[in-house]
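Chains as they are written, first to last, in our numbering: chain H, 1 to 157; chain P, 1 to 754.
Incorrect hints may have been included.
Quick list of the computed label-pair ranges, beta carbon to beta carbon [unchecked claim]: (1) P:Ile699 with H:Gly33: 37 to 47 Å; (2) H:Asn118 with P:Arg600: 33 to 43 Å; (3) H:Asn120 with P:Ile699: 52 to 62 Å; (4) P:Asp153 with H:Pro123: 52 to 62 Å; (5) P:Glu27 with H:Asn118: 41 to 51 Å; (6) P:Pro745 with H:Ile152: 14 to 24 Å.
Since the hints were made in silico from the structure, they are not lab data.
Backbone N, C-alpha and C fix where the C-beta goes; we use that ideal spot for every residue, glycine too.
Single-letter residue listing:
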Amino acid sequence: MKMLITCTVNGETHAVLADSRDTLLELLRERIGLTGTKEGCGNGNCGTCTVLVDGAPVNACLMLALEAPGHDIQTIEGLSGGGVLHPIQQALVEHGGTQCGFCTPGIVLSAKALLDDNPNPTPQDIRHAIAGNICRCTGYDKIVEAIAAAAIQARGP
Amino acid sequence: MAPQQSSLKVVGQRLPRVDARERVTGEAIYPADLKLPGMVHARMLRSPFAHARVRRIDTSRAEALAGVLAIVTAADFPELPVGATIPMGETGYDMWMVAQLNLARDKVLWVGQPVAAVAAVDVHIAEAALALIEVDYERLDPVLDIAAAMAADAPVLHEHVFTKGVDPRPRTPSNVCSRTVIARGDATRALAEAPATAQIRVTVDTAHQGYLEPQVAVAEVDANGFATVWASTQGQFTTELMIGRMLGLPLSKLKVVPLEVGGAFGGKIAIHGEAIAVRLAQKCRRPVKLVLTREEVLQGGSGPAAGALIDIAVGADKDGRLAAIQGTYRMDAGGLPGLSPSLLMQASAALYQCPNLDLQGFDVVTNKPRTEAYRGPGGIQAAFAMEQAMDALCQRLGMDPLEFRKRNASVTGSTMPIGTPFPAIGLTTILERVGAHSCWTDPLPTGRYPRGRGLALGYWRGTSMTSAGHITIAGDGRPMVTMGAVDISGTRTTMAQVVAEEFGLPIEDIHIHTGDSKSVGYSDGAAGSRVARTSTAALVEASRDALGQLRARAAEKLQCAADQLDYAQGRFHAPQPGGAAITLAELMQATLTDGAVVGRGVSTKLPLGVEIGAHICDVEVDTDTGLVTVLRYTAFQDVGLALNPAAVEGQIAGSVVQGLGWALMEGFDYGPDGRLRNASLLDYRMPTALDVPPIECVIIETPVPNVPYGVRGVGEVPIVPPAAAVANAIARATGVRILHMPMTPERVLCALKG
Chain H
1 MKMLITCTVN
11 GETHAVLADS
21 RDTLLELLRE
31 RIGLTGTKEG
41 CGNGNCGTCT
51 VLVDGAPVNA
61 CLMLALEAPG
71 HDIQTIEGLS
81 GGGVLHPIQQ
91 ALVEHGGTQC
101 GFCTPGIVLS
111 AKALLDDNPN
121 PTPQDIRHAI
131 AGNICRCTGY
141 DKIVEAIAAA
151 AIQARGP
Chain P
1 MAPQQSSLKV
11 VGQRLPRVDA
21 RERVTGEAIY
31 PADLKLPGMV
41 HARMLRSPFA
51 HARVRRIDTS
61 RAEALAGVLA
71 IVTAADFPEL
81 PVGATIPMGE
91 TGYDMWMVAQ
101 LNLARDKVLW
111 VGQPVAAVAA
121 VDVHIAEAAL
131 ALIEVDYERL
141 DPVLDIAAAM
151 AADAPVLHEH
161 VFTKGVDPRP
171 RTPSNVCSRT
181 VIARGDATRA
191 LAEAPATAQI
201 RVTVDTAHQG
211 YLEPQVAVAE
221 VDANGFATVW
231 ASTQGQFTTE
241 LMIGRMLGLP
251 LSKLKVVPLE
261 VGGAFGGKIA
271 IHGEAIAVRL
281 AQKCRRPVKL
291 VLTREEVLQG
301 GSGPAAGALI
311 DIAVGADKDG
321 RLAAIQGTYR
331 MDAGGLPGLS
341 PSLLMQASAA
351 LYQCPNLDLQ
361 GFDVVTNKPR
371 TEAYRGPGGI
381 QAAFAMEQAM
391 DALCQRLGMD
401 PLEFRKRNAS
411 VTGSTMPIGT
421 PFPAIGLTTI
431 LERVGAHSCW
441 TDPLPTGRYP
451 RGRGLALGYW
461 RGTSMTSAGH
471 ITIAGDGRPM
481 VTMGAVDISG
491 TRTTMAQVVA
501 EEFGLPIEDI
511 HIHTGDSKSV
521 GYSDGAAGSR
531 VARTSTAALV
541 EASRDALGQL
551 RARAAEKLQC
561 AADQLDYAQG
571 RFHAPQPGGA
581 AITLAELMQA
591 TLTDGAVVGR
601 GVSTKLPLGV
611 EIGAHICDVE
621 VDTDTGLVTV
631 LRYTAFQDVG
641 LALNPAAVEG
651 QIAGSVVQGL
661 GWALMEGFDY
671 GPDGRLRNAS
681 LLDYRMPTAL
691 DVPPIECVII
701 ETPVPNVPYG
711 VRGVGEVPIV
721 PPAAAVANAI
731 ARATGVRILH
741 MPMTPERVLC
751 ALKG
């Protein structure tokens with residue numbers, strides 16, 4: 001069944017026709033056209049499709065599109081406004097924290113949720129925060145280093 | 001030859017990836033991100049049985065469903081004969097196998113093998129249509145493990161498979177596709193006479209490459225019948241050849257565009273649905289997108305990596321000098337004939353000088369998903385057996401395992417298993433570095449549970465094959481590089497570094513991309529640790545070709561002999577101080593109407609850049625639960641020359657963590673009906689950031705002679721030692737050898753309890 005869904009993504013209001021079976025991930029990718037959020041497994045096990053819903057990391061494949069209205073949804077496209085990279089993104093670039101790149105948008109958003117909540121994380125805090133995001137390329141070290149560096153950068157001198 | 005290492009300005013620098021920005025912003029385009037006007041969606045119907053004859057497929061009810069646009073089965077493709085191949089490497093690639101892998105014809109060989117595909121206006125309708133396709137199966141007994149498949153009375157999967165490598169040729173078909181022998185001396189006798197011996201038998205479960213991006217194909221066919229396929233592939237040319245052959249489509253009617261690849265590791269060499277997407281697009285005259293689900297990736301036969309049953313026996317004299325290595329390697333290829341075990345057999349024995357060698361390998365088919373290469377294919381399975389056998393021998397001898405390796409290490413010029421001398425290798429240097437490093441000299445800190453330290457070596461031969469590329473010069477004098485290589489390991493970055501070095505320009509001045517199959521010279525796929533090495537050779541040649549053409553133009557403009565001009569940092573100048581000079585930008589502006597400057601390069605049959613590593617790990621074994629925690633991990637590797645140390649570390653650490661995943665947690669679990677019981681990433685668990693320690697990488701550089709910049713392969717060998725290093729550490733901690741991989745808590749606990 002098709003239904004009209006009005007939702008807020010990256011501060012912008014979208015009114016789109018969606019299938020009642022659509023997940024939030026399908027709503028974002030197929031209906032709104034925000035393809036920065038990737039699908040790795042479709043059942044909440046890999047974290048690739050992580051987005052922020054009211055600031056908290058959520059697997060977009062596990063939330064229905066029709067649950068989206070009323071929430072503030074943030075995707076990777078909302079992070080680098082005006083072409084300026086968020087400090088987490090910049091640090092991942094500089095530290096070699098992205099390889100194939102498929103997990104990267106989800107990692108960036110999990111890291112953002114962490115730093116918004118805990119600006120001074122230990123390496124173990126960082127590993128815990130991204131434990132829901134599988135990365136098959138890096139072995140994680142360079143991601144952990146990058147997030148730690150971004151935290152220092154964000155805290156300032 | 002390349003400049004001295006010390007004079008290098010861009011090569012060897014720890015630079016960020018040239019394509020990092022689009023990755024961290026989500027702007028990088030993978031095939032699943034494409035949306036073409038009028039595009040429809042495809043889904044595949046897959047076999048519910050592990051072994052059955054397909055008597056009839058009736059698609060009429062599915063075709064009648066509103067929104068269904070096209071359905072294909074094997075009947076929509078020309079039947080390829082047994083023995084059909086396309087060119088690839090030394091042996092070609094079996095197209096009969098590729099055809100079966102993509103769509104079963106007459107017989108299904110594993111649960112999840114595709115039997116039909118549907119295109120519909122949306123994915124929900126395509127999914128619904130699958131349930132309406134009626135397939136009449138005649139069920140056959142499945143064969144689910146190596147021992148059962150090799151039994152004399154086993155049901156035979158393929159009537160046309162007669163064991164290769166056996167003389168005389170067998171009269172009856174067999175599930176053993178090939179037998180490979182590598183031998184010298186008399187290993188049986190040497191073992192019988194050796195004062196110290198160790199024997200080991202290991203079982204390795206099938207595991208998966210685990211790339212995060214499932215296979216995807218988007219196909220469009222224009223009004224003239226020209227087909228374009230956007231693919232996630234390790235090789236656009238191989239994919240094109242496979243699609244063309246499956247469809248009987250001339251190559252002038254087909255183009256494959258490689259987009260970003262969300263991980264591959266060997267699993268995206270063969271096609272999985274690309275030709276089907278084209279046939280559906282031809283039938284329904286709309287662009288078609290086919291995206292596999294994770295369950296299809298795991299169960300359907302895209303990947304996984306071969307399971308194994310391996311016996312090793314080794315013997316040494318009382319001083320710890322190896323006398324003999326005997327090995328029997330049985331590899332579980334899944335439902336279709338697999339890779340020759342030759343490389344993995346060689347790899348497991350290559351690092352030891354040993355007078356008597358007797359290695360036999362068997363490629364065995366079973367009713368499970370057809371397996372694919374996975375990063376140094378077979379290397380980790382074979383090393384899990386060999387390096388444990390060597391460690392057990394050290395324990396018998398009461399000898400330090402590092403000292404034992406030093407005593408028996410292969411060196412430059414010593415005889416490889418296949419009988420030829422080793423090219424320049426740095427194993428001795430690696431072992432010396434291990435001995436001097438704190439990961440080896442620090443005492444093992446005590447913990448709540450027993451702890452142990454393990455050492456294992458790894459070798460991978462890699463391959464070279466062909467890479468091509470060309471460089472055009474933009475109107476502002478900047479090099480625009482088109483490579484034939486697909487980038488699955490940071491190739492754009494390292495190759496931009498090479499071209500920047502050759503031109504004496506900063507890396508920011510280099511534009512680089514991978515060409516589609518119609519815009520660059522034929523290149524083999526990104527596999528076998530070959531791409532950085534061979535692309536370096538091709539692009540050095542292309543750079544020098546382009547600079548030669550520019551030099552001729554500069555000579556004309558500066559009215560001076562070409563061979564008298566000096567070139568540095570984007571500028572030609574006459575030799576005398578204060579002489580005339582022209583920058584590349586000025587030169588291109590002055591000669592814009594002279595036609596393109598196109599430097600071309602190709603590398604084929606480049607000398608091998610064999611990879612060698614030594615890994616040290618400390619583990620703690622929870623004797624109450626069987627859980628093994630890796631506390632510290634150090635990987636030493638000779639990389640020839642690190643084009644970009646950050647990229648090298650990324651390859652090594654990622655490869656090690658994949659190895660640790662298979663070592664401790666990743667394995668396919670089949671039910672008695674051949675159904676995969678853990679076909680999700682919840683039940684097939686890959687390492688998270690909490691499961692692994694930091695991986696310390698120690699880079700050693702022993703350049704390969706006669707190869708530009710002396711580059712070796714990097715990405716494959718680091719997955720070879722981890723399982724053996726962990727197993728050896730467990731044995732040192734507990735006195736018990738774990739002989740079944742993955743070494744899950746359950747298996748470790750059972751072994752500890754005897």
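Taking the hints in turn, this is what the structure says about them:
no. : hint                               : result
1   : P:Ile699 with H:Gly33: 37 to 47 Å  : holds (43 Å)
2   : H:Asn118 with P:Arg600: 33 to 43 Å : violated (54 Å)
3   : H:Asn120 with P:Ile699: 52 to 62 Å : violated (32 Å)
4   : P:Asp153 with H:Pro123: 52 to 62 Å : holds (57 Å)
5   : P:Glu27 with H:Asn118: 41 to 51 Å  : violated (28 Å)
6   : P:Pro745 with H:Ile152: 14 to 24 Å : violated (37 Å)
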